[in-house]
Amino acid sequence: MFERLRKMLEAGDARFRVIEHPAEGNSHKVAEIRGTEVGQGAKAMLCKVADAPGQFVLAVLPGDERVDFAKVAAAVGARKVKLADAADAEAATGCVIGAIPPFSFDPSIRLVADPQLLARYREIAFNAGRLDASIVLDGDDYRRLARPLLADIRTESA
7 MFERLRKMLE AGDARFRVIE HPAEGNSHKV AEIRGTEVGQ GAKAMLCKVA DAPGQFVLAV
67 LPGDERVDFA KVAAAVGARK VKLADAADAE AATGCVIGAI PPFSFDPSIR LVADPQLLAR
127 YREIAFNAGR LDASIVLDGD DYRRLARPLL ADIRTESA
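Sequential numbering from 7 applies to the sequence shown in my numbering.
Think of the hints as simulated: they come from the structure by calculation, not from any bench. Just so you know, not all the hints are guaranteed correct.
Listed next, the in silico DSBU-like pairs over lysine-lysine satisfying Cα-Cα at most 35 Å (straight line) [said to hold, decoys possible]:
{"id": "1", "residue 1": "77", "residue 2": "88"}
{"id": "2", "residue 1": "77", "residue 2": "13"}
{"id": "3", "residue 1": "54", "residue 2": "86"}
{"id": "4", "residue 1": "13", "residue 2": "35"}
{"id": "5", "residue 1": "88", "residue 2": "13"}
{"id": "6", "residue 1": "54", "residue 2": "13"}
{"id": "7", "residue 1": "88", "residue 2": "35"}
{"id": "8", "residue 1": "54", "residue 2": "35"}
{"id": "9", "residue 1": "35", "residue 2": "77"}
{"id": "10", "residue 1": "54", "residue 2": "77"}
{"id": "11", "residue 1": "88", "residue 2": "54"}
{"id": "12", "residue 1": "35", "residue 2": "86"}
Between the sequences and the hints, there should be enough to build the whole structure, so can you do that?
Below, the structure is given as structure tokens:
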């Protein structure tokens, strides 16, 4: 997955850099290692569509926010979605939880990104298919290459 991402970004003339670091899946710790803010982290959460077996939604939001599953379901016209378990996530994406990048290369995985991720930061950061490598990518290049459905999928702050 790491090489596939790198090659796609290079072929798409994306502005990005790779940061190799100790393996880390925690948003706060990896942000510190990367030298980025937690909110810049593109948290990618794989959700199963309850009423469509084999269909998933990759919900991408700022690393300091929580996903609202009802909003994710509404964004894709589903009745309900729930977080995929570790085995399903790895089978569907080829990545362990924490290393799933904010891109979908599979038609059974719909990509939905919260616009706040791209509005708050010029660059986004994410683990690139490995827990020991991150990519920091220009937000406009992410939008252009990933072509996510943009929808508010964050929980409301209390």
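How the hints compare with the structure:
Distance restraint check for residue 77 and residue 88: the Cα-Cα separation of roughly 11 Å lies within the 35 Å cut-off, and the hinted pair is therefore satisfied. Pair hint residue 77 plus residue 13 holds up; C-alpha atoms about 33 Å apart against a cutoff of 35 Å. Between residue 54 and residue 86, the direct Cα distance comes to roughly 9 Å. Compliance with the 35 Å bound is thereby established for this hinted pair. Taking the CA atoms of residue 13 and residue 35, the gap is about 27 Å. The hint holds against a cut of 35 Å.
Among the hinted pairs, residue 88 with residue 13 is consistent with the structure: their alpha-carbon atoms are about 31 Å apart, no more than 35 Å. In summary, the hint linking residue 54 to residue 13 is supported, as the alpha carbons are separated by about 28 Å, within the 35 Å threshold. About 26 Å separates the Cα atoms of residue 88 and residue 35, which keeps this hinted pair within 35 Å; it holds. Restraint check for residue 54 and residue 35: satisfied, since their Cα atoms lie roughly 27 Å apart, inside the 35 Å limit.
With a C-alpha separation of about 28 Å, the suggested pairing of residue 35 with residue 77 holds against the 35 Å cut-off. This hinted pair checks out: residue 54 and residue 77 have alpha carbons roughly 14 Å apart, not beyond 35 Å. Of the supplied pair hints, the one linking residue 88 and residue 54 holds, its CA atoms being roughly 5 Å apart against a limit of 35 Å. For the given pair, residue 35 sits about 31 Å from residue 86 by alpha-carbon distance, which is consistent with the 35 Å threshold.
In this structure, every one of the numbered hints holds.
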